[in-house]
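> Using this note's numbering, read the sequence shown as starting at 2 and increasing by one per residue.
Among the hints, erroneous ones may be present.
Claimed, not checked - Label pairs and their in silico Cβ distance ranges: (1) D215 x A139: 35 to 45 angstroms; (2) A83 x T149: 41 to 51 angstroms; (3) A208 x L104: 29 to 39 angstroms; (4) R74 x L172: 15 to 25 angstroms; (5) G232 x E113: 47 to 57 angstroms; (6) P138 x N246: 35 to 45 angstroms; (7) L64 x P134: 44 to 54 angstroms; (8) P224 x G173: 42 to 52 angstroms; (9) L136 x D215: 39 to 49 angstroms; (10) P170 x R108: 37 to 47 angstroms; (11) D58 x A16: 44 to 54 angstroms.
Hints listed in this document are in silico derivations from the structure and should not be mistaken for laboratory results.
All C-beta atoms in this analysis are idealised placements derived from N, C-alpha and C, irrespective of residue type, glycine included.
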Amino acid sequence: MGQQPGGGAVTDIGASAAAEWAALVGTAVLGTDRRPLPPPAAGWESLGRDATSRLPDAAVELLDRAAAVATARRAGIRPGPALTLMPPAPVDPRPVCSDTASLLLGRLLVGEHDVLLPEWFARCRSAGLQIPPHLVPALLLRGRRNPTFDAAARSVIGQRAAWLAEAMPELGIKGIPTAPARALAAPAVQPFVPPAPPPDSGAVVSAIVSTFHDQAATWAAAPQLRTAVAGIDPVWLPALILELNRASFSAVTERARVDLLGLARTRMQMVEAFAEAAPDGAAIRPDDPAGTRVRLAP
Numbered sequence: 002m003g004q005q006p007g008g009g010a011v012t013d014i015g016a017s018a019a020a021e022w023a024a025l026v027g028t029a030v031l032g033t034d035r036r037p038l039p040p041p042a043a044g045w046e047s048l049g050r051d052a053t054s055r056l057p058d059a060a061v062e063l064l065d066r067a068a069a070v071a072t073a074r075r076a077g078i079r080p081g082p083a084l085t086l087m088p089p090a091p092v093d094p095r096p097v098c099s100d101t102a103s104l105l106l107g108r109l110l111v112g113e114h115d116v117l118l119p120e121w122f123a124r125c126r127s128a129g130l131q132i133p134p135h136l137v138p139a140l141l142l143r144g145r146r147n148p149t150f151d152a153a154a155r156s157v158i159g160q161r162a163a164w165l166a167e168a169m170p171e172l173g174i175k176g177i178p179t180a181p182a183r184a185l186a187a188p189a190v191q192p193f194v195p196p197a198p199p200p201d202s203g204a205v206v207s208a209i210v211s212t213f214h215d216q217a218a219t220w221a222a223a224p225q226l227r228t229a230v231a232g233i234d235p236v237w238l239p240a241l242i243l244e245l246n247r248a249s250f251s252a253v254t255e256r257a258r259v260d261l262l263g264l265a266r267t268r269m270q271m272v273e274a275f276a277e278a279a280p281d282g283a284a285i286r287p288d289d290p291a292g293t294r295v296r297l298a299p
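With the sequences and hints as input, model every part of the structure.
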């Protein structure tokens with residue numbers, strides 16, 4: 002409730018403001034040429050202009066009165082409750098992986114040779130690097146339907162997974178127990194140790210190539226061939242690429258050949274991208290217990 006500025010009877014300013022605003026909006030929608038400007042509602046005579054002191058231009062008067070109502074209503078609004086701010090994301094001192102590795106991860110996430118995702122995570126973790134923040138939501142969303150993938154991704158993401166689950170519950174991401182207010186310690190850089198490669202990667206490469214000579218590398222056999230290419234010692238990738246390039250064209254095997262070529266080249270790019278993070282820019286040969294470093298062929 003309030004009193005008219007001129008000292009008249011007590012008026013419900015809230016109700017009269019709504020009435021005044023509705024009348025002004027109606028006139029603005031139809032236009033002052035089609036609907037005459039109504040007199041001010043009760044309680045607004047001294048804020049706008051009364052019926053005896055109208056401006057020659059009705060449109061200008063309408064804007065004057067609308068400004069007066071908007072100002073008065075805005076001045077009477079009480080502040081709402083303070084918003085609960087989310088705590089900042091946990092500190093992650095690890096450097097972000099290279100742009101090349103980040104682009105490769107983006108390609109793998111959209112389905113391009115995604116058989117390499119576990120190795121990408123393992124190499125990133127072993128190199129002491131973190132996943133680019135803009136890719137974290139996509140990784141966690143994908144992990145909702147694949148627990149094994151989720152565990153591998155979270156092992157690299159760290160505490161930010163739980164933070165994002167709390168900050169954006171609409172994503173449907175499950176949080177994980179974390180120690181609050183504690184920085185994520187950067188893991189020690191360790192040589193990449195993937196699952197043990199076949200005892201003789203050279204023999205596996207020969208077997209892959211022979212499937213093309215025997216016309217057995219059909220598209221139906223591609224999943225098994227991809228798994229084989231993803232598991233061989235990386236130092237054999239250049240030889241595999243060379244042999245696949247030499248394979249004769251065949252309508253039966255061409256689709257699988259192109260797919261495996263892309264997979265082998267992508268894996269080489271991934272190995273080399275993470276090798277750049279090594280102290281001397283070399284790659285670790287996984288099947289060498291002595292940790293011999295070998296440079297990969299371009």
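> For every hint, state whether the structure bears it out.
Right, here's what the structure says about each hint:
1. D215 x A139: 35 to 45 angstroms: At 40 angstroms between Cβs, range holds.
2. A83 x T149: 41 to 51 angstroms: Once the Cβ atoms are compared, 42 angstroms apart, the range 41 to 51 angstroms for T149 and A83 holds.
3. A208 x L104: 29 to 39 angstroms: 32 angstroms, holds
4. R74 x L172: 15 to 25 angstroms: Given range 15 to 25 angstroms: violated, Cβ gap about 37 angstroms.
5. G232 x E113: 47 to 57 angstroms: 18 angstroms, violated
6. P138 x N246: 35 to 45 angstroms: 38 angstroms, holds
7. L64 x P134: 44 to 54 angstroms: 47 angstroms, holds
8. P224 x G173: 42 to 52 angstroms: 29 angstroms, violated
9. L136 x D215: 39 to 49 angstroms: 41 angstroms Cβ-Cβ, so the 39 to 49 angstroms window holds.
10. P170 x R108: 37 to 47 angstroms: 29 angstroms, violated
11. D58 x A16: 44 to 54 angstroms: 29 angstroms, violated
Violated hints, in rising order: 4, 5, 8, 10, 11; the structure is consistent with all others.
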